[in-house]
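Enquirer: As a plain string of letters, each chain reads:
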Amino acid sequence: MIPDLAQEGKAEEQQWVPQPQAPVVMFNNVGKTYGRYQAIGGISLALSGGVTGILGLNGAGKSTLFKLLMGKLQPTQGEVRLFGTNPWKNPAPYARVGYVPENENMYDWMTAHEFVSTFARLHGMTRDEAKREAERVLEFVGLTDVMHKKIGRYSKGMRQRAKIAHALVNDPDLIILDEPLQGCDPLARTTIMNVIRELGRMGRTVLLSSHILSEIERITEQIVILHQGRLLAIGNLHAIREQLDNIPHTIEIECKDAKALAKDVLSLDVVHGLQFPSPTKLKIFTHHLGEFHKRLPRIIVDNEHDVMVINNPDDDLQSILGYLTGGLR
Amino acid sequence: MEKKRGETIWTSLDRKATAIAEFTMRQYRTRLSTWVVLGVGFLAISVVLLFYIDAMNTEIEAIDNDGDSYDWDGDGYVNGQEIKYGTDIYDSMSHPGLLSPPIDPEPASMYINEDDYDWDYSGASTVKTGYDNDGDCKDSSLLPSQKDDNGDGIPCNILLVYDANSGTYFVYADPNVDEDPDENRYGKEAQHRAFILGIGKLGFVFLLSIFIPLFLATGIIREEMTSGTMQYMTAKPIARGEIFLYRMLGYLAIVWPYLLIVCTLLAIVSGFMGPGDQFFRFADLGVWFSILIAALLATLVYGMLFAFLGVLWKYGIILALPIAAWELGMALLSMSVPESSFLRMSVVGWSMSIIDSGAYLVWPDMAMFTEAGTWAGGSNPDGFFFLGGGNELPGYGALEWAQSDLGLGMGPYATTVVSVIVLLFQATFFWFIGQLIFKSKEIV
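As you go down the protein sequences, you meet chains L and V in turn.
Residues in the first sequence are numbered consecutively from 1, following this note's numbering.
Residues in the second sequence are numbered consecutively from 1, following this note's numbering.
Think of the hints as simulated: they come from the structure by calculation, not from any bench.
Remember, it's a predicted structure, so these values are computed and weren't measured experimentally.
Cβ coordinates follow ideal geometry from the N, Cα and C atoms, glycine included.
Be aware that one or more of the hints could be misleading.
[What the hints assert, rightly or not] Okay, derived cross-link-like pairs now, EDC-like style, lysine to aspartate or glutamate, Cα gap no bigger than 16 Å in a straight line:
id, chain 1, residue 1, chain 2, residue 2
1, L, Lys-131, V, Asp-148
2, L, Lys-263, L, Asp-306
3, L, Lys-89, L, Glu-79
4, V, Lys-128, V, Asp-148
5, V, Lys-128, V, Asp-365
6, L, Lys-89, V, Glu-442
[What the hints assert, rightly or not] Stretch by stretch, here's where chain V covers chain L in the computed footprint (C-beta under 8 Å, at least three residues):
id, region
7, 66 to 80
8, 105 to 111
9, 118 to 130
10, 183 to 197
[What the hints assert, rightly or not] Residues of chain L clear of chain V, computed beta-carbon distances all greater than 12 Å:
id, residue
11, Glu-135
12, Ile-176
13, Glu-215
14, Leu-237
15, Ala-260
16, Gly-322
Could you put the whole structure together from the sequences, leaning on the hints where they help?
Expert: Below, the structure written as structure tokens:
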């Protein structure tokens, strides 16, 4: 392979024929094993448009899925297609992709502006274009005021945003974010979520992974659930959650007077048990989560209960996984 | 492709390649280890330079190689003066003071180093040269046949015959011709040349060109893969072979100017310090230039090789160490047996050929000059007149060790061109293999 000195075209073997009808992302019975360990197995999936959350516990195969898509790993079985082409040993489709790796290491000695503009030039931009685009995306992620500071001095949330900015610099059609919210403070979380939602509104295909359901929930309803390297569920989060109403749930309420609240809550027929972990805490057991949440506000308002926190501790990935795997876990 | 406004050749080139090269260069600059490696290299070279400066400032003791500064019969006239006037050196009652008119005795110092080499250096295989400065052959009472002992038809001269097998000159001298050379003059010149060749071959081509790439280039791809930062670069529309190549450009952007600076510094210091009447030894710059070319190419080839080993294996440096040992062996072999075919399977062998070619062009007299050091005015341990400390002139040993012939059996220009092409080919080969492996590596 001879380097392309003009750096404008692609070498012969990397010729990439756009296939407008091809899905942005396609996995066909894809498996990846490391030695004896199977990271993912038999995944078939096609995605185009919108924001999709990839949910799974740590080690479920989320990053592996992304790395297969970014040609960093070679599938041991099946085919991966990115814009209709095989990404392994073929960097051509990355011109339309932005990838935010999970990896926490960054070039701490660079400023965010240098980082983003350097990587912009790898898209074949000139210095001026790269500078302009870097400033645009850094403003988009809200780092304009600190963009000339060294990344090493950034907070976790700022680092994540710098990583997102570098991935957006080529105005990609597909954005892949591997655990973009991990380790971020609430403010950074909100900013990053807004950025992702905005990208979705702009009509980009966004893939993001997380192991926290509530995070995904705030961004998108379209989810893919991975569990132990297998595709467990795919579709609308609410459709999946509706079915959860039929299994027992726990709701935790923190209020001034737990006993008074308990008395009122017991009047609901959907409640079948109560617990008092402390004088200001109430644990409620129900089979009909949706129904309970529909009626709860009225009780609180009518009886002027001073409620501080309402928690659905079960309403997380663990419980969904438990339900979907039929209590096998 | 349509040409945009303000588009020049530079802006169209100034994209991926310069982005990665600049990035890599800055990355090196932010690392302490880079400066430690370059600093230690400079320190090592400087220590040798200090030895050289010291040698240049130390007068080499004059030795009376032919023994004619002695007064064997104790009549107050040294042997050299007695021989000149034809009196008996063993008889105290025979001396120039008894001649008419009487001659005053001359100081013994006049007869030390009084007959230096007058060799006419040329590339010919048979050279008739030498001049009897002190007249102890021309004016002596020797028979005409004795004055032309070597039978070349010219009395009191020296005949040099090149022997292609040994690569040296044989010296056939008439008696008492150039028999008392100036140790300081020869020694300084020999030490000066030995320093330039030695530092060029072992300092630049071996020490700097192996150890700098070993520490700086082995991790150029591997470290990024280990730390995970390679995730960013490999997610961009750029082939891995290009990443490999452009990162090497960044490495060269650090190493090449460094070599240029160190080499220039040494060239300047040795140019002013070196022996000779001239203000600055400009001709030596040719040798320094060939040293620089050899070192630039060697750092390129080793850089590609070690970077490739780093891609091949996480602990690539372990693979690089035996190669460094092999190259040291080849470096020493190149200096003693430059025609060995083993050298063709090395990097130093080819690099040193470039230096030898440069030396051959700048100092065409090298073979004769070296031979003069071992001939040492014709004095030898078995000779009657031998009074020196050894049968070699000072500096001869160092020069003999540092210099070597052109091992490829070609002229200096052809040797240089072939060596440069081979080294460039080696670099391309290692880059090609390296990027091939890098391409098939999974970035976890």
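Enquirer: Each hint needs a verdict: does it hold in this structure or not?
Expert: Going through the hints against the structure:
no.: 1; hint: L/Lys-131 with V/Asp-148; result: violated, 84 Å
no.: 2; hint: L/Lys-263 with L/Asp-306; result: holds, 14 Å
no.: 3; hint: L/Lys-89 with L/Glu-79; result: holds, 13 Å
no.: 4; hint: V/Lys-128 with V/Asp-148; result: holds, 12 Å
no.: 5; hint: V/Lys-128 with V/Asp-365; result: holds, 14 Å
no.: 6; hint: L/Lys-89 with V/Glu-442; result: holds, 10 Å
no.: 7; hint: 66 to 80; result: holds (count 6)
no.: 8; hint: 105 to 111; result: holds (count 5)
no.: 9; hint: 118 to 130; result: holds (count 10)
no.: 10; hint: 183 to 197; result: violated (count 0)
no.: 11; hint: Glu-135; result: holds, 17 Å
no.: 12; hint: Ile-176; result: violated, 9 Å
no.: 13; hint: Glu-215; result: holds, 22 Å
no.: 14; hint: Leu-237; result: holds, 28 Å
no.: 15; hint: Ala-260; result: holds, 54 Å
no.: 16; hint: Gly-322; result: holds, 30 Å
Of the numbered hints listed earlier, those contradicted by the structure are 1, 10 and 12.
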